[in-house]
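A.B. asks: Here are the chains, one letter per residue:
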Amino acid sequence: MKNRIWITVFSVAALLCLGVWLFISNVSSPSRVVGIYKDGSLVEKIDLNSVTGEREITLSGEYGDNVILVSNGHIKMKSADCPDKLCVEHGELKSSSSPIVCLPNKVVIKFEDNTDGADAKTGEIKCIPGN
Amino acid sequence: MKLLRKSCILIMTAAVILTSGCSLESKYDCEFFAMDTVMTINAYGSKSESAVKAAQNEISRLDRLLSVQSENSEIFKLNQSKEMTVSEDTLTLITRSKEIYTLTDGAFDITCEPLTREWGFYSGLENKVPSQQAIENALKGVGAAHIKIKDSTITLDENTSLDLGGIAKGYASQKAAEILKENGVNSALMSLGGNVRAVGSKPDGENWSVAITDPDDNSKSIGTLKISDKAVVTSGGYQRYFEENGQIYHHIIDTKTGYPADSGLKSVTIVSSDDTLADALSTSLFVMGLEKSGEFYSENSSLFGAVFITDKGEIYVTDNLKDSFMSEQGFEVIAV
Chain A
1 MKNRIWITVF SVAALLCLGV WLFISNVSSP SRVVGIYKDG SLVEKIDLNS
51 VTGEREITLS GEYGDNVILV SNGHIKMKSA DCPDKLCVEH GELKSSSSPI
101 VCLPNKVVIK FEDNTDGADA KTGEIKCIPG N
Chain B
132 MKLLRKSCIL IMTAAVILTS GCSLESKYDC EFFAMDTVMT INAYGSKSES
182 AVKAAQNEIS RLDRLLSVQS ENSEIFKLNQ SKEMTVSEDT LTLITRSKEI
232 YTLTDGAFDI TCEPLTREWG FYSGLENKVP SQQAIENALK GVGAAHIKIK
282 DSTITLDENT SLDLGGIAKG YASQKAAEIL KENGVNSALM SLGGNVRAVG
332 SKPDGENWSV AITDPDDNSK SIGTLKISDK AVVTSGGYQR YFEENGQIYH
382 HIIDTKTGYP ADSGLKSVTI VSSDDTLADA LSTSLFVMGL EKSGEFYSEN
432 SSLFGAVFIT DKGEIYVTDN LKDSFMSEQG FEVIAV
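These protein sequences, in sequence, are chains A and B. Residue numbers for the first sequence, in the working numbering: 1 to 131. Residue numbers for the second sequence, in the working numbering: 132 to 467.
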């Protein structure tokens with residue numbers, strides 16, 4: 001009988017812990033994890049909040065190099081050898097629905113989680129007409 | 132002992148139920164480059180991975196078939212030879228393009244290729260304002276009457292070349308959505324270079340929210356549409372342009388004049404269940420301008436809804452979208 005009580009107490013406690021853990025993991029502060037992708041494959045994931053100092057990441061593609069600058073809370077394309085430089089003009093990565101894209105070198109920098117409420121954005125990507 | 136075993140089973144079962152209830156349904160995300168743009172597919176459900184891969188393969192296949200610049204595509208070969216028996220997809224799209232040309236009174240025109248070339252809006256070309264003579268020469272082959280279709284053979288007039296860039300991504304997203312559904316996916320969101328397509332609604336049954344890019348600051352949005360199982364496509368002069376002698380020239384050419392459309396609009400967003408039509412109409416209504424688009428909407432309101440942003444920054448929304456569009460800015464409603 002004693003055993004039975006202890007088992008019940010233990011199971012209730014275990015379930016409560018599990019529930020609290022799941023709640024915290026779902027409602028924690030907005031994520032600032034950024035993914036850097038080259039031709040659809042993940043190159044690196046970075047938590048912008050845990051970056052100390054400045055760091056440059058260089059990726060090479062068909063149209064030369066893309067230099068990405070990362071600092072605490074910030075990421076942007078510092079320079080690019082591609083012809084249009086739209087990725088550099090984009091400036092800092094600000095929202096999950098507006099990733100930084102270098103079409104010629106097939107580089108994408110984006111937030112891993114939805115940070116601005118929209119699931120997608122229409123009209124932004126500047127493609128080359130005539131596909 | 133028996134009791135202990137029973138209790139353990141009970142705890143484990145409860146834990147499994149609890150975790151599966153709280154965690155998200157399985158999801159597969161894919162990002163790839165096709166049709167000279169970046170595409171993403173996010174799909175939910177146990178069969179999402181194989182379904183997304185099948186959809187991606189279909190888009191890549193259509194890209195190889197319909198590209199105006201790839202030397203191996205059917206469109207490139209047709210533009211060179213001027214007469215060719217084409218595949219079912221190419222035939223379907225050219226036929227549909229001719230129909231939409233008629234529906235829009237020529238505002239949508241796939242014979243724009245010589246004009247787009249003169250303005251240098253293909254990769255590898257320099258943007259330039261063409262001479263009046265060059266525009267007049269290019270206009271000689273422009274117009275859907277220069278395309279003849281007999282069975283599955285397409286014949287183009289001597290000065291005519293096709294560019295399916297204004298419709299191909301819409302067709303591709305329609306085909307990809309069909310493939311996702313056939314493969315058991317009931318909830319997915321795709322973006323084909325800014326052409327958005329929702330398959331069903333979100334896994335929790337809510338509508339998807341699709342932001343519309345602010346034409347004046349592309350990092351911001353001007354409003355949000357709540358949609359499910361529809362395509363959302365935007366055309367805007369801000370998407371590609373060049374400047375010469377202080378004047379801005381964008382890439383949406385009015386084939387009646389040969390110059391970039393100057394209709395008083397900054398962007399047009401179309402919402403429709405028909406992706407191919409949505410893609411073609413976003414360009415057409417941008418060329419038509421607000422007033423003519425309003426008349427067009429009155430006659431075709433069952434086919435689509437639209438959000439217009441004028442040069443002055445005003446927002447106009449067709450009445451069939453007034454309850455699904457939200458913006459911090461006020462907007463006018465266009466009635467049927």
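Heads up, some of the hints might be wrong.
[What the hints assert, rightly or not] Result set (DSSO-like, lysine-lysine): computed pairs, CA atoms no more than 30 Å apart in a straight line: (1) A:76 <-> B:158; (2) A:38 <-> B:271; (3) A:76 <-> B:397; (4) A:94 <-> B:351; (5) B:453 <-> A:94; (6) B:443 <-> A:78; (7) B:351 <-> A:76; (8) B:351 <-> A:85; (9) B:387 <-> A:38; (10) B:387 <-> A:94; (11) B:312 <-> A:85; (12) B:281 <-> A:38; (13) A:45 <-> B:184; (14) B:306 <-> B:178; (15) A:94 <-> B:312; (16) B:443 <-> A:38; (17) A:45 <-> B:453; (18) B:387 <-> B:443; (19) B:387 <-> A:45; (20) B:397 <-> B:453; (21) A:85 <-> B:158; (22) B:453 <-> A:38; (23) A:45 <-> B:397; (24) B:279 <-> A:38; (25) B:229 <-> A:38; (26) B:333 <-> A:45; (27) A:94 <-> B:229; (28) B:259 <-> A:78; (29) A:94 <-> B:333; (30) A:94 <-> B:259.
Rather than coming from a laboratory, the hints here were simulated on the basis of the structure.
A.B. asks: Would you list, in rising numerical order, the hints stated earlier that this structure does not obey?
C.D. replies: As far as the earlier hints go, 2, 6, 9, 10, 11, 12, 15, 16, 17, 19, 21, 22, 23, 24, 25, 27 and 30 are violated by this structure, in ascending order.
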